[in-house]
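K.L.:
As they're listed, the protein sequences go chains A and B.
Residue numbering for the first sequence follows my numbering, starting at -18 and increasing by one per position.
Residue numbering for the second sequence follows my numbering, starting at -18 and increasing by one per position.
Hints may be right or wrong, so weigh each one.
Note that identical chains are pooled: a pair holds if it fits in a single copy or bridges any two copies.
What the hints assert, rightly or not - Cross-link-like lysine to aspartate or glutamate pairs, in silico, DMTMM-like; alpha carbons within 25 Å at most: (1) Lys30 / Glu(-1); (2) Lys249 / Asp229; (3) Lys245 / Asp256; (4) Lys245 / Asp229.
No lab work stands behind these hints, which were simulated from the structure alone.
Number of protein chains: 2
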Amino acid sequence: MTDLPIALDAMGGDHMPEAAVAGALEAAAKGCAVVLVGDETRLRAALAKHGGELPVVHAGDVIGMQEHATDVRRRPDASVVVATRLVKEGQAAACVSMGHSGATMAAALLLLGRLKGVERPAILANIPNAKGGHTALIDAGANADCRPVFLAQFALMGDAYARAIYGLAEPSVGLVSIGEEPEKGNELTREAHDLLAATPGIHFRGNVEGRDLLAGTTDVVVTDGFTGNVMLKLAEGEARVLFAMMRDALRSDLRSRLGGLLAKPALKRLAARLDPAEVGAEPLLGVAGHAFIGHGSSDARAVASAMRSARRLVDAELAERIAETIRASAVGAA
Amino acid sequence: MTDLPIALDAMGGDHMPEAAVAGALEAAAKGCAVVLVGDETRLRAALAKHGGELPVVHAGDVIGMQEHATDVRRRPDASVVVATRLVKEGQAAACVSMGHSGATMAAALLLLGRLKGVERPAILANIPNAKGGHTALIDAGANADCRPVFLAQFALMGDAYARAIYGLAEPSVGLVSIGEEPEKGNELTREAHDLLAATPGIHFRGNVEGRDLLAGTTDVVVTDGFTGNVMLKLAEGEARVLFAMMRDALRSDLRSRLGGLLAKPALKRLAARLDPAEVGAEPLLGVAGHAFIGHGSSDARAVASAMRSARRLVDAELAERIAETIRASAVGAA
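Build the full structure now, drawing on both the sequences and the hints.
P.N.:
Quick look at the structure:
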């Protein structure tokens, strides 16, 4: 446990700094210490508007959504860089950004560095599943091209996450492929399958398919960051499209409209459970510290959720758990 | 146009031959000529049970779901092989199988062969989209490992399909990646992006992401068969899971239950539109003939839809249209 605050990049994202300030105040009211990072004048003004008080660390620059991730190297005053530096310097327990995801990753890699033995840090995404919990999808987008050993380490990091955060004793792990049989798949998955089967300390259940992500067939699902990012965005996009179609269906005639009105509270609860804002931000695992990446479109609710998610991982000392898991396995060690 | 019947592998699939016979009779009643391929005794018995009449071609063997696709080489009496041979010999306009998809592809490649100039035949899947139509996803699973030129040809085949079947004058094409910018993606997509941008005769809109599949951002979406198969199964699986969650939500209390009863017809119409049984079977494009692959779980309705889908492509002379499109472009020509 730590009393250090969570550093929030309050400038990166579509609705910033307003959503950052409102969300951070909501989180702070629930006992989560937050430090806002960004343009001090604007942040003080937004705080005053909300009648709230929070510590602010000034950052005079912001990396825009259309700019380059590599800009973190030459823009030390960018909000995401300043927020990450607070973690590096022991002044914050974690950094969270709803801005440029590539820049958030680059800042974490550059300033925090990799945990010893980790080949490639990866993004883990929590996908709501049919079993009422979440499936941990890793890598959700950090590494577009992967080698089999990366996937074996993703499995180890996902295992550590599912034990610490989902509270599972023996999380099951599946490898994304296009058929259950070990020989089904592409060059990467066929090699990765053998390596995963030989990786000690995980509970590998073999190949899983696209449908297993939401079914929750396994607790952890590993794949390369290209496939994982496509899956994440497809899963989120489909939920949005199906709910929009459902809303249209419930407006199609008088009878459906009445039915929709009656069913509204139940359907709203379901929509909330499937909303990415419920988790708020996803962790970059394998870096020496805690870094979180949220949607550019995050609103105040998503920011508050992100603070809560980040706090849980910090309290679980997840980075330390991952370091131990990677150390205990020999996978990837040169 | 042709009066030749569609050859239906009436043995391959979970609910065969009953679903095949019932679905084929339904299609035949609507004017679609069908020839059943499979165990003659069982098929005649099933026909008698339904009080219907259809031509039958005997096939004494079936390739089971757990067997090998390569079995098609040494099992000439397997129903899928016999059905494909009818196309090869000019006795059927198309073959359709709900059985082992690998075997269906292998039989088509072995017996029908590739269209001239086509590097790799590919499966095209029709994904219901938010615009009320379908997005053509290609390759949905035939080629797990791809080279950029394959993807350029998938775009050409998808373009020919969307013109012939969706009736579009200038179908737009997107490349699945993990960011809109050309340099975002993996090794394959970065090269494929440049090649697609230089491919004459298609309307390339650049990279699309997972969310664009159901949004219907472009009419055609090209990707390698690994990513495409994962996307297809994720999209279908998610629709199933979300509808099950919705059903549960509409049973959660008395008020929701009443609302659900009132909204039931509208929600059923929506579920039917999203049900893969609505299309029934998807085409393998690039072979010299018409071959279709359906779900192993297909019921009679899916079989009837598959016959209707196959008939549309045959009537549109799709294989000929694809051959022309590939010939007109120089892409992939050695």
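K.L.:
Would you mind marking each hint as holding or not holding in the structure?
P.N.:
Now for the hints, and whether the structure bears them out:
no.	hint	result
1	Lys30 / Glu(-1)	within (10 Å within a copy, 69 Å between copies)
2	Lys249 / Asp229	both (15 Å within a copy, 13 Å between copies)
3	Lys245 / Asp256	both (16 Å within a copy, 24 Å between copies)
4	Lys245 / Asp229	both (13 Å within a copy, 13 Å between copies)
Taken one by one, the earlier hints all hold for this structure without exception.
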